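Student: Sequence:
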Amino acid sequence: MKTAERIVMVLLFIALVGGGVWIYFAVQYEQENVREAVARGEYEISVKSEEQEKDVPPEDWRVIYPNTVP
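Numbers in the working numbering are just positions in the sequence shown, counted from 1, shifted up by 25.
I should point out that these hints are in silico values taken from the structure, not numbers from a laboratory. These figures come from a predicted structure and were not determined experimentally. Heads up, the beta-carbon is just placed ideally off N, CA and C, and yes, glycines get one too. Accuracy of the hints is not assured; some may be wrong.
To be verified - Simulated restraints, written as ranges between beta carbons of each label pair:
id : residue 1 : residue 2 : range
1  : VAL33     : GLU61     : 38 to 46 angstroms
2  : MET26     : VAL52     : 33 to 41 angstroms
3  : GLY44     : ARG65     : 30 to 38 angstroms
4  : GLY66     : GLY43     : 34 to 42 angstroms
5  : GLU69     : GLY44     : 30 to 38 angstroms
Go ahead and model the full structure; you've got the sequences and the hints to work with.
Tutor: As structure tokens, this is what we get:
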């Protein structure tokens, strides 16, 4: 194996590891931002009563699950 091939393989390895580390820290930063937003109260959990879900006919299931792709 030539020296140039080894250098290229080492550089590719470093780039892959660096990309993985960058993704890891980006996800950690995003999770921290979401946790802080939840602590500030920017997000709220909507509580749907079971009575509302029982009133919906089976044909109209999209009212309960609006983001479902058929």
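Student: Take the hints in turn and mark each one as holding or not.
Tutor: Consistency of the hints with the structure:
1. Checked against the hint of 38 to 46 angstroms, the C-beta distance between VAL33 and GLU61 comes to roughly 42 angstroms, which is consistent with it.
2. Roughly 36 angstroms separates the CB atoms of MET26 and VAL52, a value that falls within the hinted 33 to 41 angstroms.
3. At about 32 angstroms, the beta-carbon gap between GLY44 and ARG65 stays in the expected band of 30 to 38 angstroms.
4. For the hinted restraint 34 to 42 angstroms between GLY66 and GLY43, the CB-CB distance of approximately 37 angstroms keeps it satisfied.
5. Roughly 36 angstroms separates the CB atoms of GLU69 and GLY44, a value that falls within the hinted 30 to 38 angstroms.
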